[in-house]
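Colleague: Modelling step: build the complete structure from the supplied sequences, incorporating the hints.
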Amino acid sequence: MTHYQSSLGTIIGINARLLYAALMSAVAWYIWPESMRGYGWGFISICLWGSSIALFIEACKSAVKLFARDRAVSKYLAQGNKPKTAEMASSQALKNAGMTDE
Numbered sequence: 013m014t015h016y017q018s019s020l021g022t023i024i025g026i027n028a029r030l031l032y033a034a035l036m037s038a039v040a041w042y043i044w045p046e047s048m049r050g051y052g053w054g055f056i057s058i059c060l061w062g063s064s065i066a067l068f069i070e071a072c073k074s075a076v077k078l079f080a081r082d083r084a085v086s087k088y089l090a091q092g093n094k095p096k097t098a099e100m101a102s103s104q105a106l107k108n109a110g111m112t113d114e
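For what it's worth, this note's numbering labels the leading residue of the sequence shown as 13, then goes sequentially.
No wet-lab data here; the hints were simulated from the structure. There could be a bad hint or two in this list.
Unchecked claim - Here are the simulated distance ranges between beta carbons:
| no. | residue 1 | residue 2 | range |
| --- | --- | --- | --- |
| 1 | R81 | A34 | 17 to 27 Å |
| 2 | S103 | K77 | 51 to 61 Å |
| 3 | M48 | T22 | 40 to 50 Å |
| 4 | S86 | A109 | 35 to 45 Å |
| 5 | A84 | M48 | 47 to 57 Å |
| 6 | I24 | S103 | 49 to 59 Å |
| 7 | L20 | Q104 | 46 to 56 Å |
| 8 | S86 | I24 | 16 to 26 Å |
| 9 | I23 | N108 | 49 to 59 Å |
These numbers come from a predicted model, not from an experiment. In this text, a Cβ means the ideal position worked out from N, Cα and C, and glycines have one as well.
Modeller: Right, here's the structure in full:
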């Protein structure tokens, strides 16, 4: 699939969201308390996991949209031939074709 220059920012954004979600999940796992005394850390850990899941879903949606866009652009570009250049019609060619009154 061909990727276009305008897609680069979107691809970087998707990868950044996935990296951020992974980092938040790792921090959430690291701060999970081993006893009930650290219930505050447990709450923060649950919030981090929820946020990382939301970021992961958002990144997946963006990736699907980008794939659909690239696919639509590819289909559009495949519809016709490449544009061809044409020479400008000269005054003599226009006279020969009867297109001018001169």
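Colleague: Output the numbers, in ascending order, of every earlier hint that fails for this structure.
Modeller: Hint check: nothing fails, all pass.
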